[in-house]
Amino acid sequence: MSCDKFRSFAFFTAVLCAASCLNLFAANPPVAEKKISFHQQIRPILQAQCAGCHHPRNPEGSYVVTEFSQLLKGGESETTAIIPGQPDKSYLVSLITPKGAEAEMPKAKAPLSQEQITLIRTWIQQGAVNDSPQKIEYRFTQDNPPTYSAPPVITSLDYSPDGKLLAVAGFHEVLLHAAEGNQLLGRLIGKSQRIESVRFSPDGKFLAVTGGTPAERGEIQIWDVAKQTLLKSFPLTYDTLYGASWSPD
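The opening position of the sequence shown corresponds to residue 20 in this note's numbering, with each subsequent residue numbered one higher.
Just so you know, these hints were derived from the structure itself, not from any lab.
Treat each hint with caution, since some may be false.
Straight-line distance between alpha carbons at most 25 Å, and here's what the computed DMTMM-like set of lysine to aspartate or glutamate pairs gives [unchecked claim]: (1) 54 x 150; (2) 224 x 181; (3) 246 x 222; (4) 53 x 134; (5) 251 x 123; (6) 118 x 97; (7) 54 x 86.
DEER-style ranges, computed between Cβ atoms [unchecked claim]: (8) 264 x 134: 31 to 41 Å; (9) 118 x 80: 17 to 27 Å; (10) 164 x 80: 20 to 30 Å; (11) 178 x 88: 38 to 48 Å; (12) 222 x 253: 17 to 27 Å; (13) 172 x 241: 20 to 30 Å; (14) 88 x 253: 22 to 32 Å; (15) 53 x 173: 44 to 54 Å; (16) 248 x 190: 12 to 22 Å; (17) 264 x 170: 45 to 55 Å; (18) 202 x 222: 15 to 25 Å; (19) 176 x 88: 29 to 39 Å; (20) 160 x 220: 21 to 31 Å.
Quick reminder that beta carbons are idealized off the backbone N, C-alpha and C, glycines included.
Produce the complete structure using the sequences and hints provided.
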């Protein structure tokens, strides 16, 4: 084979290889970064680790993590908690990132795992998008109480130890009635959709409530009966909770 023919053959082969490589890259484009789901991946972390202290009824630091707009906004520090696209400038990230062996949030708990922190950072980097179904965002409050087109199923009721009050489970709430005359004295409106059990403490000062949202979350609520205020909310598990009870002492 002459030199000219060899050069032509080599050039033709190089062109074929280059074309093959281009086709290969076209057929196998770079894999895009997997989108993090707020509803499926971030929300459960916040519910399990943060919502017990940062719920609407009595939020520590005036910071609420159960309402998306307030989750982004922040609390009494007036520092923006989440800046979409900028995890390093998001105050929440600095709070959950351990300094040494401890982190500022969650309070009095072990720091979030590195995997959980990375998920939150990546979600913020991707734009902090809320992909929750609309129903998850809807919450009843004292100013926007539940309304009933039909009597709700009564899943639990309990008399106070002195026999003066009757607590009745409702939808998103517990109704406090006078035992005599059935006068409605109060509506204890909380986060849980279903209320499965209500129990007065032995001294009658507190009311324990269990419930949740099926296949999503469980919750224990502790209420101050006299003030009708929520003292504590404990998000637990990923399903509804039943069977509240108090230790005798």
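Evaluated hints:
Under the criterion of a C-alpha separation no larger than 25 Å, the hint pairing residue 54 with residue 150 is consistent with the structure, at around 11 Å. This hinted pair checks out: residue 224 and residue 181 have alpha carbons roughly 11 Å apart, not beyond 25 Å. Among the hinted pairs, residue 246 with residue 222 is consistent with the structure: their alpha-carbon atoms are about 15 Å apart, no more than 25 Å. Simply put, residue 53 and residue 134 have alpha-carbon atoms about 15 Å apart, close enough for the 25 Å limit, and the pair holds.
Distance restraint check for residue 251 and residue 123: the Cα-Cα separation of roughly 20 Å lies within the 25 Å cut-off, and the hinted pair is therefore satisfied. Our distance criterion of 25 Å between C-alpha atoms is met by residue 118 and residue 97, whose separation comes to about 22 Å. Among the hinted pairs, residue 54 with residue 86 is consistent with the structure: their alpha-carbon atoms are about 21 Å apart, no more than 25 Å. For the pair residue 264 and residue 134, the supplied restraint of 31 to 41 Å holds, since their beta-carbon distance comes to about 35 Å.
Between residue 118 and residue 80 the Cβ separation comes to about 18 Å, which falls inside the hinted range of 17 to 27 Å. The beta-carbon spacing between residue 164 and residue 80, approximately 26 Å, falls within the hinted interval of 20 to 30 Å. With their beta carbons about 40 Å apart, residue 178 and residue 88 fall inside the hinted range of 38 to 48 Å. Between residue 222 and residue 253 the CB atoms are about 20 Å apart, so this pair conforms to the stated range of 17 to 27 Å.
In this structure the hint that residue 172 and residue 241 lie 20 to 30 Å apart at CB holds, the actual value being about 24 Å. For residue 88 paired with residue 253, a C-beta distance near 24 Å keeps the hint of 22 to 32 Å intact. Against the hinted window of 44 to 54 Å, the Cβ-Cβ separation of residue 53 and residue 173 comes to about 45 Å, which satisfies the hint. Judged by the Cβ atoms, the range 12 to 22 Å given for residue 248 and residue 190 holds: they are separated by roughly 20 Å.
Between residue 264 and residue 170 the beta carbon distance is about 27 Å. The supplied range of 45 to 55 Å is therefore violated. Between residue 202 and residue 222 the beta carbon distance is about 23 Å. The supplied range of 15 to 25 Å therefore holds. For residue 176 and residue 88, the hinted distance range of 29 to 39 Å is satisfied, since their beta carbons lie about 36 Å from each other. A C-beta distance of roughly 25 Å is found between residue 160 and residue 220, which places it inside the suggested range of 21 to 31 Å.
Hint 17 from the list above is the single one not met by this structure.
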